[in-house]
Amino acid sequence: MTDDFLKRLETLAKPQFSSEGHRWHLRLALMSARRSSRLGYVLVLLPGLFLLGVLLKYWLGINLGLFDWMENEMSRLDQNPWTKWAAPLLLLAGPVVGLVLNLLALLHVGYDRREQEVLVRLKLRWPNLIVAGVCLLVLLVFLGYLLTENHAELQSLFFRLRAG
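Quick note on numbering that gives the first Met the number 0: the sequence shown kicks off at 0 and runs consecutively.
Among the hints, a few may not be true.
Unchecked claim - Below, simulated SDA-like cross-link-like pairs (lysine to any residue); rule was C-alpha separation at most 20 Å, straight line:
1) K83 <-> V99
2) K122 <-> G132
3) K122 <-> Y110
4) K122 <-> Y40
5) K122 <-> L105
6) K122 <-> L102
7) K83 <-> H107
8) K56 <-> D3
9) K56 <-> M73
10) K122 <-> H107
11) K83 <-> E72
12) K13 <-> D3
13) K122 <-> K56
14) K56 <-> Y110
15) K56 <-> Y40
16) K56 <-> V140
17) K83 <-> W68
18) K56 <-> M69
19) K83 <-> Y40
Quick caveat, the hints were computed from the structure, so don't treat them as lab data.
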């Protein structure tokens with residue numbers, strides 16, 4: 000019985016592979032998708048808590064002691080010239096790094112030589128998409144705050160540039 004099976008295996012047609020059909024793939028991930036989503040959660044946690052505290056205290060009028068403590072610590076850091084950059088760095092760099100890590104875990108770039116086209120694929124990994132969305136939302140809120148808080152200064156800057 001084994002001889003019959005071996006003879007049948009020898010008569011099977013072997014698959015032929017063409018080198019033209021192969022694509023060049025580039026995966027831009029620095030770490031696994033699961034690890035990048037977990038790290039993204041950690042990186043966006045402090046800015047997210049800060050924005051939640053701002054929303055609760057200044058918009059809804061609910062004062063929690065945690066946000067007051069965060070405000071006091073950030074103002075204390077802001078008074079020292081050596082640590083003045085720490086609070087903005089913590090609030091902005093975390094979401095930026097989280098967004099980049101999660102987008103790199105989701106994007107796959109390929110090049111098909113035969114078709115002369117670059118293929119960009121976005122993997123639907125929901126934890127990474129959610130973290131990237133939250134990071135982007137946090138960054139947009141901070142950008143909106145910067146633009147509205149400094150509106151008069153930006154307007155005078157544009158006026159001076161236009162006046163030349």
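Okay, the hints, checked on the actual structure:
1. Taking the CA atoms of K83 and V99, the gap is near 25 Å; set against the 20 Å cutoff, the hint is violated.
2. Between K122 and G132 the CA atoms are separated by roughly 14 Å; this keeps the pair inside 20 Å, and the hint holds.
3. Between K122 and Y110, the direct Cα distance comes to roughly 17 Å. Compliance with the 20 Å bound is thereby established for this hinted pair.
4. For the given pair, K122 sits about 19 Å from Y40 by alpha-carbon distance, which is consistent with the 20 Å threshold.
5. For the hint pairing K122 with L105, the CA-to-CA distance comes to about 5 Å; that is within 20 Å, so the pair holds.
6. Using a Cα cut-off of 20 Å, the hinted pair K122 and L102 holds, with the two alpha carbons roughly 10 Å apart.
7. For the proposed pair K83 and H107, the alpha carbon gap of about 38 Å is over 20 Å, so the pair is violated.
8. This hinted pair does not check out: K56 and D3 have alpha carbons roughly 81 Å apart, beyond 20 Å.
9. With a CA separation close to 16 Å, the supplied pair K56 and M73 stays within the 20 Å bound.
10. Straight-line distance between C-alpha atoms of K122 and H107 comes to about 8 Å, which keeps the hinted pair within the 20 Å bound.
11. Among the hinted pairs, K83 with E72 is consistent with the structure: their alpha-carbon atoms are about 11 Å apart, no more than 20 Å.
12. Only pairs whose Cα atoms come within 20 Å are accepted, and K13 paired with D3 is accepted, the gap being roughly 18 Å.
13. Pair hint K122 plus K56 does not hold up; C-alpha atoms about 38 Å apart against a cutoff of 20 Å.
14. For a cut-off of 20 Å, the pair hint linking K56 to Y110 is broken: about 51 Å separates their Cα positions.
15. For the hint linking K56 to Y40, the alpha-carbon distance of about 23 Å lies beyond 20 Å, and the restraint is violated.
16. A C-alpha spacing of about 16 Å is found between K56 and V140, which places the hinted pair at or below 20 Å, so the restraint holds.
17. Our distance criterion of 20 Å between C-alpha atoms is met by K83 and W68, whose separation comes to about 17 Å.
18. For the proposed pair K56 and M69, the alpha carbon gap of about 12 Å is at most 20 Å, so the pair holds.
19. About 25 Å separates the Cα atoms of K83 and Y40, which puts this hinted pair outside 20 Å; it is violated.
Violated hints, in rising order: 1, 7, 8, 13, 14, 15, 19; the structure is consistent with all others.
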